[in-house]
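Sequence order for the protein chains is R and V.
Quick note on numbering: my numbering labels position 155 of the first sequence as 155, and the sequence is numbered without any gaps.
Quick note on numbering: my numbering labels position 272 of the second sequence as 272, and the sequence is numbered without any gaps.
One thing to keep in mind: the hints can contain errors.
[Said to hold, decoys possible] Derived Cβ-Cβ restraints for the label pairs, each shown as a range: (1) V/30 <-> R/15: 47 to 53 angstroms; (2) R/34 <-> V/180: 32 to 38 angstroms; (3) R/277 <-> V/261: 52 to 58 angstroms; (4) R/224 <-> V/4: 48 to 54 angstroms; (5) V/251 <-> R/25: 39 to 45 angstroms; (6) V/141 <-> R/148: 41 to 47 angstroms; (7) V/186 <-> R/18: 23 to 29 angstroms; (8) V/27 <-> R/52: 41 to 47 angstroms; (9) V/254 <-> R/51: 38 to 44 angstroms; (10) R/130 <-> V/30: 35 to 41 angstroms; (11) R/126 <-> V/92: 32 to 38 angstroms.
Hints were generated in silico from the structure; no laboratory data involved.
Think of the CB as a built atom: it goes at the ideal place given N, C-alpha and C, for glycine as much as any other residue.
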Amino acid sequence: MPLIEVRDLSREFTIRRRAGVLRRESVVKHAVHDLSFEIDAGEMVGYIGPNGAGKSTTIKMLTGILVPSGGSALVAGLEPARQRRELARRIGVVFGQRTSLWWDLPLRDSFELLRRIYRIPDRTFRRNLEDHVALLDLGDLMDTPVRQLSLGQRMRGDIAAALLHDPEILYLDEPTIGLDVVSKGRLREFLRALNHERRTTLMLTTHDLQDIEALCDRVIVIDRGTAVFDGPLSSLRINGGASRTLVVDLVDEAPAIAIEGAQVVKVEGPRQWLSFPADASAAPLVAQVAAAYDVADLSIHEPAIEDVIRQLYSH
Amino acid sequence: MSGALHQFSLYAAIATRSFRRYSTYTAATLAGIFTNSVFGIILSFAYLALWEQNPSAGGYQADQAITFVWIGQALLMTIALWSGGATDDLAERIRNGDIAVDLYRPVSVLGWYLAADLGRGLYHFATRGVAPTIVGALLFGLVLPSAAGAVGFLVSVVLAVVVSFAVRFLFAASAFWLLDATGPRVLLSVLATFFSGLTLPLTLFPDGLRQVALALPFASYIQTPADIWLGRHAGPDLLAAIGLQVLWAVVLLGMCALVLRAATRKVVVQGG
Chain R
1 MPLIEVRDLS
11 REFTIRRRAG
21 VLRRESVVKH
31 AVHDLSFEID
41 AGEMVGYIGP
51 NGAGKSTTIK
61 MLTGILVPSG
71 GSALVAGLEP
81 ARQRRELARR
91 IGVVFGQRTS
101 LWWDLPLRDS
111 FELLRRIYRI
121 PDRTFRRNLE
131 DHVALLDLGD
141 LMDTPVRQLS
151 LGQRMRGDIA
161 AALLHDPEIL
171 YLDEPTIGLD
181 VVSKGRLREF
191 LRALNHERRT
201 TLMLTTHDLQ
211 DIEALCDRVI
221 VIDRGTAVFD
231 GPLSSLRING
241 GASRTLVVDL
251 VDEAPAIAIE
261 GAQVVKVEGP
271 RQWLSFPADA
281 SAAPLVAQVA
291 AAYDVADLSI
301 HEPAIEDVIR
311 QLYSH
Chain V
1 MSGALHQFSL
11 YAAIATRSFR
21 RYSTYTAATL
31 AGIFTNSVFG
41 IILSFAYLAL
51 WEQNPSAGGY
61 QADQAITFVW
71 IGQALLMTIA
81 LWSGGATDDL
91 AERIRNGDIA
101 VDLYRPVSVL
111 GWYLAADLGR
121 GLYHFATRGV
131 APTIVGALLF
141 GLVLPSAAGA
151 VGFLVSVVLA
161 VVVSFAVRFL
171 FAASAFWLLD
181 ATGPRVLLSV
191 LATFFSGLTL
201 PLTLFPDGLR
211 QVALALPFAS
221 YIQTPADIWL
231 GRHAGPDLLA
241 AIGLQVLWAV
251 VLLGMCALVL
261 RAATRKVVVQ
271 GG
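One chain only, chain R, in its complex shape:
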């Protein structure tokens, strides 16, 4: 049985706006519309989409702080909105732009309060604290008030906090937003290890596609409330109609290369760019080019995942 089961999930919002001096009109907005997917235990799923696509609305419904207006969601066998408290003990949530730590208290005190809130057994608490504090490099920060932490430090603190009670599922909403490259890298490494060693199911929403490429085997792309893609990252490239690029450096300048299965998209002196479908093999193209021209160098570029997704949205 899947750990997260979403079936025709919908959520409408009624927005009232002024339509005259006294008159108001109501507009119904479908934030999420007939969304269905399943996530198995131990998966790492990237949940992506443009602003306003319904990502946060979905997460809110999965954590039980928003009631669906249609369809159903089942998380760890529980109905989120009806069994919110019970579910809260089994999931962890990290919002990149909010903190669950206490601003004026040292990190240690926030962890101590969470221990009591979630009734974490002493042994579990100590083990998690030791593990996560070491891996997230929080050792020297335990006695620092949260308000004095940098964004990256605070985020690490928040992740450690969300994991103290051994959640089966960890939702991460924009976990790397505003972090520098080093902090991002460290965080991704930690999450990968967490998933690998503890089999914690991860679902993350992000605008940073490097997060997805570094972490997720599977991607769900949502646009205007519905899933427009659900599958492995590699097939996202293909299904998105993406193309790879063969960059050819010729010894001498030449007119556009004419070979079967590829199209020249750009010529710059002796360098030419040839575009071909992402699911096609590059080998025959390389052979054709090498046979017909004097080639100084060759390289192949994978499609940028940003471009693939941009294409998906525009469909």
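Add chain V to chain R, keeping to what the hints say.
Frame of chain R; chain V shown alone:
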């Protein structure tokens, strides 16, 4: 650990952390003690002039009236008369949406904020309550309570914090619908200043208004604890005074729970 014991240990931990949180602002505390003392001195001289004209105004002797002033100054911050404390955190968290974090925790939101406010109240009582009182005692010589009065006073102060918390919570929770609770907060400050006994003992109010004022929850803030300290409520009357505070505490906390349920429904069902 049994459920009840566990709950208690959680709330005690919250109160302790809240106490510690306020104790980090030492400079603010010292400045506050100074301010309370200055206001205590100014009001004491004003009261002395008033009581010289009318030596038993409101049923108080001059020295009792001065004591009333200093109790008011001591409780001002303890009960967070002009707001501040956990309920301000609540209003802010509603406004910026962090309240969502509170809602998905497996713990009662109302219990959480009450515990935090009690921890804060204890800190303010121990600092901004005790210190100005010592200043007042040294400068003016305050009336001291009997043993029963002292115990009754402490119980009454705890109830004062609870009642004040519940009232502040209700006003702060208006932010769920108004998005900003600044307006209601100002209104509450005015009401509390006038009807708590901070400006004048409620017993000085004219007939009619006096009875109403004494029955309002604001009377629990300063008037009731001060009268218990001064021995004006003794025996069965002491129990009645504390009973009224308990009644208000229960009724108001019940209202808080209802409002919170409606607010949660609004957030969870209507989506903000």
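Consistency of the hints with the structure:
no., hint, result
1, V/30 <-> R/15: 47 to 53 angstroms, "50 angstroms, holds"
2, R/34 <-> V/180: 32 to 38 angstroms, "36 angstroms, holds"
3, R/277 <-> V/261: 52 to 58 angstroms, "57 angstroms, holds"
4, R/224 <-> V/4: 48 to 54 angstroms, "49 angstroms, holds"
5, V/251 <-> R/25: 39 to 45 angstroms, "41 angstroms, holds"
6, V/141 <-> R/148: 41 to 47 angstroms, "45 angstroms, holds"
7, V/186 <-> R/18: 23 to 29 angstroms, "27 angstroms, holds"
8, V/27 <-> R/52: 41 to 47 angstroms, "45 angstroms, holds"
9, V/254 <-> R/51: 38 to 44 angstroms, "42 angstroms, holds"
10, R/130 <-> V/30: 35 to 41 angstroms, "40 angstroms, holds"
11, R/126 <-> V/92: 32 to 38 angstroms, "34 angstroms, holds"
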